[in-house]
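Same order as they appear, the protein sequences are chains Z and H.
Be aware that the first sequence starts at 1, since it is given in our numbering, and climbs by one per residue.
Be aware that the second sequence starts at 1, since it is given in our numbering, and climbs by one per residue.
Hints were generated in silico from the structure; no laboratory data involved.
Take the hints with a grain of salt, since some may be wrong.
[Said to hold, decoys possible] Here are a few chain H residues that face chain Z, going by a calculated C-beta distance under 7 Å: (1) T22; (2) D28; (3) S98; (4) E99; (5) N101; (6) V143; (7) P145; (8) F146; (9) N150; (10) L154; (11) A158; (12) A162; (13) T577; (14) N579; (15) H580.
Remember, it's a predicted structure, so these values are computed and weren't measured experimentally.
Glycine included, each C-beta is placed from N, C-alpha and C at the ideal position.
Next come the chains, spelled out residue by residue.
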Amino acid sequence: MLAGLAWVLADLPCVQADESLGLGIEASITADDNVTRGYGDGNVLSDQFAGVSLSKTLRFPVSTHTRLSVLGFAGFNSYLEYTGLSHSYAGVQGDFQYRPSASFFAPTYAVSLRTAIEEYQSEARDSYRSSAGLSVRKSLTDQVQLSGALNYNWRDGKSVVFDTSDVALRVSADFAVTRHDTIYLGLEYRNGDIVSTGQPSTAYVDIATAIVPDDAFKDTTRYAYKIDGSTWLLNLGYNRSFGERHALDLSWRMANATPASVVGASAAAGRIHYTVNQFALAYLVRF
Amino acid sequence: MNPILKHTGLVLLLSLAVTACTQTNSADPQAAPVGATDTNRFWVFPNPGKDPATGVFTTNDASYAQAYYDSIDPADLRATLDGFKTTNGFGTTVPGVSEVNVIFRDVRDLGYGRKMTVRFTDSTYPGWPGTHWVAVFVENYQVVPFAGVNYSSLNLEAAIAANPNYHVGTNAIEYSIVGGVPMTRFYTYAPDTGTRLNTVNLDGRGQKAMPSVCINCHGGRADPLYTSRVTATPTTTFPNGGNVRARLQPIHVDSVEFWSTAPYRRMDQEEALRQINYAIFCAHSLALGEVAAGVDTCRPPQGVLTGSGTTGGHDYQGAAAAMIKNWYSAGAINTPGTVMADTYLPTGPAGITGWADTAVAARASNPVSLAQQQSLYDNVVAPNCRVCHALRGTENQSDIDFTEYLKFEGYADRIKAHVFDRGNMPLGLLIYNNFWASAAPEQLADWLVSIGATNPVRVGGGSTGTPVQPNGALTDPTFLVAGATNTPTYVAFAKPTTFATIKAIIQNTNTVGCSGCHYDGAWGVGYTYSPPIAYTSYDRDGDTDTDADDDYEFYRALRGRVNLTDFLASPLLRKPTGNHHAGGKVLQKDASDPSYATACAASPTWPSCQPFTNYGTYSQAVYDTFLDWIEHGAPYSYTGSTPNY
Chain Z
1 MLAGLAWVLA DLPCVQADES LGLGIEASIT ADDNVTRGYG DGNVLSDQFA GVSLSKTLRF
61 PVSTHTRLSV LGFAGFNSYL EYTGLSHSYA GVQGDFQYRP SASFFAPTYA VSLRTAIEEY
121 QSEARDSYRS SAGLSVRKSL TDQVQLSGAL NYNWRDGKSV VFDTSDVALR VSADFAVTRH
181 DTIYLGLEYR NGDIVSTGQP STAYVDIATA IVPDDAFKDT TRYAYKIDGS TWLLNLGYNR
241 SFGERHALDL SWRMANATPA SVVGASAAAG RIHYTVNQFA LAYLVRF
Chain H
1 MNPILKHTGL VLLLSLAVTA CTQTNSADPQ AAPVGATDTN RFWVFPNPGK DPATGVFTTN
61 DASYAQAYYD SIDPADLRAT LDGFKTTNGF GTTVPGVSEV NVIFRDVRDL GYGRKMTVRF
121 TDSTYPGWPG THWVAVFVEN YQVVPFAGVN YSSLNLEAAI AANPNYHVGT NAIEYSIVGG
181 VPMTRFYTYA PDTGTRLNTV NLDGRGQKAM PSVCINCHGG RADPLYTSRV TATPTTTFPN
241 GGNVRARLQP IHVDSVEFWS TAPYRRMDQE EALRQINYAI FCAHSLALGE VAAGVDTCRP
301 PQGVLTGSGT TGGHDYQGAA AAMIKNWYSA GAINTPGTVM ADTYLPTGPA GITGWADTAV
361 AARASNPVSL AQQQSLYDNV VAPNCRVCHA LRGTENQSDI DFTEYLKFEG YADRIKAHVF
421 DRGNMPLGLL IYNNFWASAA PEQLADWLVS IGATNPVRVG GGSTGTPVQP NGALTDPTFL
481 VAGATNTPTY VAFAKPTTFA TIKAIIQNTN TVGCSGCHYD GAWGVGYTYS PPIAYTSYDR
541 DGDTDTDADD DYEFYRALRG RVNLTDFLAS PLLRKPTGNH HAGGKVLQKD ASDPSYATAC
601 AASPTWPSCQ PFTNYGTYSQ AVYDTFLDWI EHGAPYSYTG STPNY
């Protein structure tokens with residue numbers, strides 16, 4: 001399949017609007033205060049991880065108003081303590097974009113497909129992740145850009161707990177404070193499966209749709225629970241570019257997940273939910 | 001190539017990439033299959049009373065349970081859990097009656113989270129201890145988060161929360177003295193409706209019938225139902241009015257799991273557990289001849305048990321009572337605040353060395369040192385055998401209670417058969433799994449070899465190391481299916497072998513002399529009292545005559561001494577050949593026995609063994625005739641070549 005993809009790409013006229021190679025490298029460090037996505041005493045573990053990723057974007061004009069954008073990416077995240085969470089990934093994303101005019105304020109609509117493979121140092125999380133969606137991006141002013149997207153995401157894991165799916169609605173805004181400084185804000189709502197890891201507890205068992213031992217954590221017996229629920233994600237970041245090819249990015253990402261049902265012991269224990277905060281510092285280079 | 005086609009191809013390939021990548025859930029735990037290739041044999045008696053006509057295990061059939069309930073609760077006062085509670089006064093205040101609650105997880109035996117409520121009398125109750133009674137109901141909780149995890153702390157958490165999602169059933173027991181005889185009655189109720197059930201699934205391996213599933217580990221007997229043909233339509237009733245001679249199991253506080261926070265920690269519940277164990281202790285009868293003193297004065301005497309005075313005790317000998325007493329500072333079980341600690345090594349009754357047998361340690365052939373005896377007891381017997389075996393045995397024959405080293409050694413051949421050849425001991429799935437996950441199998445196998453028994457098959461085929469775990473009750477579909485071998489015909493006895501053939505032999509007091517002890521004498525009617533069965537002809541159905549109907553009842557009772565799932569394990573074969581038989585070795589077929597060669601013609605003792613030449617050949621013929629009968633399904637008679645059962 002990949003050979004076929006390469007063969008197709010090789011015969012298409014390719015342009016880069018900014019005349020770059022479309023190649024990006026990112027190195028980051030992230031602190032995560034709840035890598036288990038857990039709730040309650042003894043279930044919330046924190047860790048840090050370092051990441052490196054490489055991406056390449058190709059764009060192919062299709063017609064006056066349409067083009068195809070293909071993003072290939074690969075990377076690795078290495079966790080400091082819970083090494084079972086360390087993983088490599090690789091994937092490809094295609095966006096078929098439509099822009100009704102060349103006006104600066106004209107919106108860009110896109111239909112996208114994305115798939116990736118993730119290989120963890122533990123086994124249960126090994127997955128294929130896929131996504132299909134619609135998106136729109138539009139500049140409000142020369143400083144403010146808004147975007148929105150509706151996606152269906154699904155994950156096919158080696159464990160049934162990581163066979164998940166959800167529908168996600170996302171809006172985001174970029175504020176170009178100066179030519180080199182951008183602040184961005186994103187808000188996303190997901191409805192579908194969430195996975196939370198915790199010690200054996202009927203409060204979790206009551207509401208879980210699937211449970212397996214979580215092999216990413218060796219400190220004690222922990223189960224990974226798949227739960228039907230919803231998640232809010234907030235993303236706030238600051239990007240500082242240095243010249244045309246270098247940038248430093250500082251971001252905070254917060255997620256809050258809540259199960260759809262509250263029954264039995266889960267009710268007695270208080271509504272099970274988890275909150276995650278991730279603080280990331282990344283350095284990006286584009287060629 | 002046309003760019004449009006190229007773009008279309010690109011989109012299709014991306015779509016294919018998105019949809020084509022799938023995988024199986026290979027990282028998930030896989031449960032051991034419970035299906036067509038598995039058996040359903042845990043908590044089934046090694047002799048389940050297989051019906052030769054239908055193949056049904058009669059003591060594991062719902063009809064057996066119904067007959068039991070009809071006997072012990074004829075007015076159906078306990079047909080529901082609420083009825084059971086009301087009948088026993090749960091929730092009411094009565095002077096001299098205590099009611100306590102405990103919650104723990106039974107780690108060794110059933111694995112459930114258990115929410116137990118126990119009501120019992122104490123020394124202030126009128127007429128106590130002669131009026132001592134205990135009633136208990138236990139809600140069982142089980143959480144199975146995913147395949148293969150049936151027994152975890154989640155069960156305890158569910159019990160503490162009384163989470164109805166995981167309430168799998170309620171067991172209930174009553175102990176009291178009925179007509180001068182201690183009697184323990186068992187019930188099981190549905191978790192949702194509280195309706196009494198005939199069967200219960202204790203281990204996820206299928207339904208098992210009451211009360212057999214309880215008797216397995218509470219002691220007592222699962223005898224065949226009486227089948228009366230006095231009326232045109234034969235009726236069946238449970239023997240002995242439902243008194244199966246079982247006892248209450250003590251709670252081994254050291255091995256159960258407690259929650260980590262108050263009020264469910266061990267320290268929070270230790271006193272309640274002591275009170276329960278004391279109430280249970282007081283339900284374990286004294287051994288015959290045991291002088292009640294001190295704390296033991298609460299225990300019922302043997303005479304009360306048998307109704308035949310101090311010389312007629314033939315019931316359970318209270319092996320567990322000595323153990324329970326020892327758990328509590330060697331006798332302080334009735335002292336508030338005493339904490340349970342199990343360091344018990346049976347010493348046996350007076351003059352018996354128990355599990356510190358110096359004679360065994362010093363014997364010339366296959367000595368077993370005191371340290372080896374204690375190690376065997378601590379690592380094999382106590383954790384894997386004792387919980388059930390301590391409640392077995394009678395005054396006639398108590399070897400099976402394993403309270404002495406030599407009793408255990410005396411079962412070496414059956415231990416090998418059940419543990420290593422057949423795989424149906426330990427009899428409970430959880431204990432079985434724990435046993436095979438431990439070092440106990442190898443220690444047990446090495447011990448068998450050390451005393452001269454056949455070496456069990458070892459992993460790798462060597463003579464040492466881990467024994468091969470038999471399929472047995474776990475996965476062997478042919479388990480408990482025995483096949484006839486058609487032993488040779490012995491012309492001295494009528495062929496084909498029928499009940500009449502067997503009856504003639506066992507009633508021949510001039511030779512094997514079975515009915516010399518197995519008779520309906522001063523101990524009551526039939527096998528109401530021990531020996532376990534009477535071989536004499538008498539009015540078994542109480543219709544004032546002794547006729548063919550009584551013979552048929554005799555036949556049905558005798559079928560309880562036959563094991564149609566393991567022929568050679570039949571008591572009818574093993575007992576007279578000297579295996580744990582109060583009457584010793586009756587069939588002298590062993591060529592090493594001096595009496596083997598005693599000529600029948602010259603014998604003043606066995607004149608009827610002619611025309612055989614000597615005791616040995618006669619005994620062998622008797623044995624083979626018994627075996628022939630068993631192997632052909634133990635028929636009552638034949639019509640032509642068709643057996644009648």
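Right, here's what the structure says about each hint:
1. A distance limit of 7 Å between C-beta atoms decides the matter here; for T22 (chain H) the minimum to chain Z is near 5 Å, and the interface restraint holds.
2. Taken as an interface hint, D28 (chain H) checks out: its beta carbon lies about 5 Å from the nearest beta carbon of chain Z, inside 7 Å.
3. Evaluation of the S98 (chain H) hint against chain Z yields a violated restraint, the C-beta minimum of about 30 Å exceeding 7 Å.
4. At a threshold of 7 Å, the smallest CB-CB gap from E99 (chain H) to chain Z is about 26 Å, leaving the interface hint violated.
5. A distance limit of 7 Å between C-beta atoms decides the matter here; for N101 (chain H) the minimum to chain Z is near 19 Å, and the interface restraint is violated.
6. Hint status for V143 (chain H): holds, given a least beta-carbon distance of 6 Å to chain Z, under 7 Å.
7. Because the beta carbon of P145 (chain H) sits about 4 Å from the nearest beta carbon in chain Z, less than 7 Å, this interface hint is met.
8. Given the 7 Å rule on beta carbons, the hint for F146 (chain H) holds: about 5 Å separates it from the nearest Cβ of chain Z.
9. At about 13 Å, the closest approach between the beta carbon of N150 (chain H) and any beta carbon in chain Z exceeds 7 Å, and the interface hint on this residue is violated.
10. Among the interface hints, the one on L154 (chain H) holds; its C-beta lies about 5 Å from the nearest C-beta in chain Z, closer than the 7 Å criterion.
11. Annotation: interface hint on A158 (chain H) holds; nearest CB of chain Z at approximately 5 Å, less than 7 Å.
12. Contact between A162 (chain H) and chain Z, as hinted, is not supported at the beta carbon level, the nearest pair being about 10 Å apart and thus beyond 7 Å.
13. With its C-beta approaching chain Z no nearer than about 52 Å, T577 (chain H) sits outside the 7 Å limit, and its interface hint is violated.
14. Annotation: N579 (chain H) was flagged as interfacial toward chain Z, and the flag is violated, the nearest CB pair being 46 Å apart, outside 7 Å.
15. Taken as an interface hint, H580 (chain H) does not check out: its beta carbon lies about 45 Å from the nearest beta carbon of chain Z, beyond 7 Å.
In summary, the numbered hints that this structure violates are 3, 4, 5, 9, 12, 13, 14 and 15.
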